[in-house]
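Undergrad: The primary structure of each chain is shown beneath.
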Amino acid sequence: MTSDRITLAHGGGSAEMQRLIQEMFLPTFDNSQLATMEDQARLNWQLQPGERLAFSTDTFVVSPLTFPGGDIATLAVNGTVNDVAMSGAVPKVLSCAMVIEEGLLQSQLQTLCQSMARAASAAGVQIVTGDTKVVPKGQADQLYINTSGLGVIASGVDLGTHRIAEGDHVLVSGPIGEHGATIISCREDLSLDADIASDCQPLHQLVCAMLAAIPGVKSLRDATRGGVAAVLHEFATASRLSILLSEQDIPVSAPVNAMCELLGFNPLHLACEGRLIAVVSAQHSEDCLAAMRNHPAGDQAAMIGRVITSAPSPVIIESSLGVKRALAPADGELLPRIC
Amino acid sequence: MKFVDEYRDSEVIKQLLGAIKHQLDDIPPRCRPWQIMEVCGGHTRAIYRFGLDKLLPKEIEFIHGPGCPVCVLPIQVIDQAFALALKPDVILCSYGDVMRVPGSSGSLIQAREQGADVRIVYSPRDALAVALNNPERQVVFLAIGFETTIPATAATLLAADKRQVSNFHLLVHHVCIEPPLLALLEEKDTAIDAFIAPGHVSTITGALPYLSVAATYHKPVVISGFEPADILQSTLMLLRQLQRGKAEVENQYTRAVQVFGNRAAQTTIDRVFELAETTEWRGLGKLRHSGYQLVKAYQRFDATRLISTPDQEETVDHTPCHCADVLCGKLTPDECPLFGRACKPTHPAGALMVSEEGACAAHWQYRQQEVEL
Numbered sequence: 000m001t002s003d004r005i006t007l008a009h010g011g012g013s014a015e016m017q018r019l020i021q022e023m024f025l026p027t028f029d030n031s032q033l034a035t036m037e038d039q040a041r042l043n044w045q046l047q048p049g050e051r052l053a054f055s056t057d058t059f060v061v062s063p064l065t066f067p068g069g070d071i072a073t074l075a076v077n078g079t080v081n082d083v084a085m086s087g088a089v090p091k092v093l094s095c096a097m098v099i100e101e102g103l104l105q106s107q108l109q110t111l112c113q114s115m116a117r118a119a120s121a122a123g124v125q126i127v128t129g130d131t132k133v134v135p136k137g138q139a140d141q142l143y144i145n146t147s148g149l150g151v152i153a154s155g156v157d158l159g160t161h162r163i164a165e166g167d168h169v170l171v172s173g174p175i176g177e178h179g180a181t182i183i184s185c186r187e188d189l190s191l192d193a194d195i196a197s198d199c200q201p202l203h204q205l206v207c208a209m210l211a212a213i214p215g216v217k218s219l220r221d222a223t224r225g226g227v228a229a230v231l232h233e234f235a236t237a238s239r240l241s242i243l244l245s246e247q248d249i250p251v252s253a254p255v256n257a258m259c260e261l262l263g264f265n266p267l268h269l270a271c272e273g274r275l276i277a278v279v280s281a282q283h284s285e286d287c288l289a290a291m292r293n294h295p296a297g298d299q300a301a302m303i304g305r306v307i308t309s310a311p312s313p314v315i316i317e318s319s320l321g322v323k324r325a326l327a328p329a330d331g332e333l334l335p336r337i338c
Numbered sequence: 000m001k002f003v004d005e006y007r008d009s010e011v012i013k014q015l016l017g018a019i020k021h022q023l024d025d026i027p028p029r030c031r032p033w034q035i036m037e038v039c040g041g042h043t044r045a046i047y048r049f050g051l052d053k054l055l056p057k058e059i060e061f062i063h064g065p066g067c068p069v070c071v072l073p074i075q076v077i078d079q080a081f082a083l084a085l086k087p088d089v090i091l092c093s094y095g096d097v098m099r100v101p102g103s104s105g106s107l108i109q110a111r112e113q114g115a116d117v118r119i120v121y122s123p124r125d126a127l128a129v130a131l132n133n134p135e136r137q138v139v140f141l142a143i144g145f146e147t148t149i150p151a152t153a154a155t156l157l158a159a160d161k162r163q164v165s166n167f168h169l170l171v172h173h174v175c176i177e178p179p180l181l182a183l184l185e186e187k188d189t190a191i192d193a194f195i196a197p198g199h200v201s202t203i204t205g206a207l208p209y210l211s212v213a214a215t216y217h218k219p220v221v222i223s224g225f226e227p228a229d230i231l232q233s234t235l236m237l238l239r240q241l242q243r244g245k246a247e248v249e250n251q252y253t254r255a256v257q258v259f260g261n262r263a264a265q266t267t268i269d270r271v272f273e274l275a276e277t278t279e280w281r282g283l284g285k286l287r288h289s290g291y292q293l294v295k296a297y298q299r300f301d302a303t304r305l306i307s308t309p310d311q312e313e314t315v316d317h318t319p320c321h322c323a324d325v326l327c328g329k330l331t332p333d334e335c336p337l338f339g340r341a342c343k344p345t346h347p348a349g350a351l352m353v354s355e356e357g358a359c360a361a362h363w364q365y366r367q368q369e370v371e372l
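Residue numbers (numbering that gives the first Met the number 0), protein chains in the order written: chain V, 0 to 338; chain Z, 0 to 372.
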């Protein structure tokens, strides 16, 4: 390649763009769909009766691009894989569109593409179609990635907030807030030296294990922006019920807890990228928890609350002292406190 | 977590609650509750977060005091910071929870939306690092806070001076804890019976700022830590003083606070700062000898020198809110007509709604819908 940085020419349909595709994207994402060099992937899937497709899209903007436990590329794969998987689907294919800021090092892009290919391979999905745009310096922050994903929902699987009922149990697949805490600790102007890594990981195999173990999984959602609190508010609002959490049962790692105490954050408001919240029927809750703990992505799963009749607050948290209070969703940008 | 979990232990809490109830039995009943002002926003937050007011008998009422540095920040300081931030060559560094405080032109978040380079830092040292990494830009640190944060500002200035950093500036609004307490006690309808004094401020100052609260105004004071067991133990210590008719300054937070404070930190403050004649407080107005200014030798670090017309007419605070009444304990947060309507954490009308340590934001965060199950 002639330049070691991405230039506007790489997005302009020129010979440079063709070189980028031929020398970087095709060999890295290596699959037969991409190799045809058509403008679309052609999927000759034969769905069995009762099977459905799940389709989701997400756009990833994160600074810094690389952080302990992952990078924007692994986020872009796992984020969409997880969105598809929360329907109970097995994710199959992804699209990948990149918006690149002029000046990004080609070597950095190459590293991120390799990371993306590894994440896709680990999640068992193929990147079958894509797009590249380059914008002038200052009009984007290094690199944005959009991925869309398609997966197949097996016959008989029907997950959703419409199935949530009073008495159901609420489970979380592991310690919360680790991705959000990691990104905060990486911010250049907050010189925090924390021993935290992002929880970024695919969750579809954990979902498969849960669905195989018990019939009572009712609704799943991965806790990303807005953290566990946002998901619980979505569950409560959609089902017109309330959720009562037990504060002492919520798994939070010691470093995340320490950072939250220091900066005045609530771990329930911090983003996760590899944790799901499950609403399951009370009678199957123990078995579901056992199945989750048998899987590496859920080995620290915990029951954190239950669905109750509609209360004045959608989400209520009970402390170990027995005091119940409303859990508000996060308000806008998380701002660290002064002292 | 060490130094946290043991102070949240439910058995310890239950024992303290039992002791408080027992202590109340020994005090003759009266028609109104005992009003205890927790001065510091950190205490306010802990009281709401752990529901301590709900756990305590109704004979005890917490009044949320003026010790949240963000909440007492006057609009003029935000306006100066806003003006500085919008200068093209300036990087403005600020503590995170100042970002949403509304000024007359907008908040620092709004300045950032307009293109200003505003960065959140956790310490003035981080702001100095920004200055060293950006020698072509003027870096302004919005230096606010009580005695807790003043030594860090002073030490950073001394470091900048030693390294002859010429692009590092301070917009100073550092304030002292004692004057607002005395101002509150001078109000004629003040009904506060006792004070829980701030723990972190006291690590620097020691017990000195509270001596006249006890001696002149005959109000018991206990310097307290921030965990539930700390606050309940402090409440118990105050009740014991009230029962015996005493008014002393006691120290519950012995694991962090020494009675004479941190002498090294005090010396560092005195090298860099001196008391200003008067300082403006949101909700309390101008108070004499209540805030700090740079001593003459370091005035070249004063960021107001970067503003072309520093002597412009002072902005008047037209905020249509009742922050002052809440700060003085005359209104509870939800008695303010704007609470939860025109004033929410996402778009605060007054400063008490900005920081989670502000009485209104804490009330919103934990109580906007009372939980009755």
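FYI, nobody ran anything at the bench for these hints, they're computed from the structure. There could be a bad hint or two in this list.
Derived PhoX-like pairs (lysine-lysine); straight-line CA-CA distance at most 25 Å [unchecked claim]: (1) Z/K53 with V/K323; (2) V/K323 with Z/K86; (3) Z/K161 with V/K323; (4) Z/K53 with Z/K343.
Which bits of chain V does chain Z cover? Going by a derived footprint, with three or more residues having C-beta under 8 Å, they are [stated by the list, open to error]: (5) 37 to 44; (6) 70 to 82.
Built from N, CA and C at the ideal position, the CB exists for glycine as well.
Undergrad: Hint by hint, say whether it matches the structure.
TA: How the hints compare with the structure:
1. Z/K53 with V/K323: Since the Cα atoms of Z/K53 and V/K323 sit roughly 9 Å apart, the hinted pair holds (cutoff 25 Å).
2. V/K323 with Z/K86: violated (47 Å)
3. Z/K161 with V/K323: violated (53 Å)
4. Z/K53 with Z/K343: With a Cα-Cα distance of about 23 Å, the restraint between Z/K53 and Z/K343 holds, given a limit of 25 Å.
5. 37 to 44: Contact hint for the stretch 37 to 44 of chain V vs chain Z: violated, 0 residues under 8 Å.
6. 70 to 82: Since three or more residues must qualify, the claim that chain Z covers the stretch 70 to 82 of chain V is violated, with 0 doing so at under 8 Å.
Of the numbered hints given earlier, the model fails hints 2, 3, 5, 6; all others are met.
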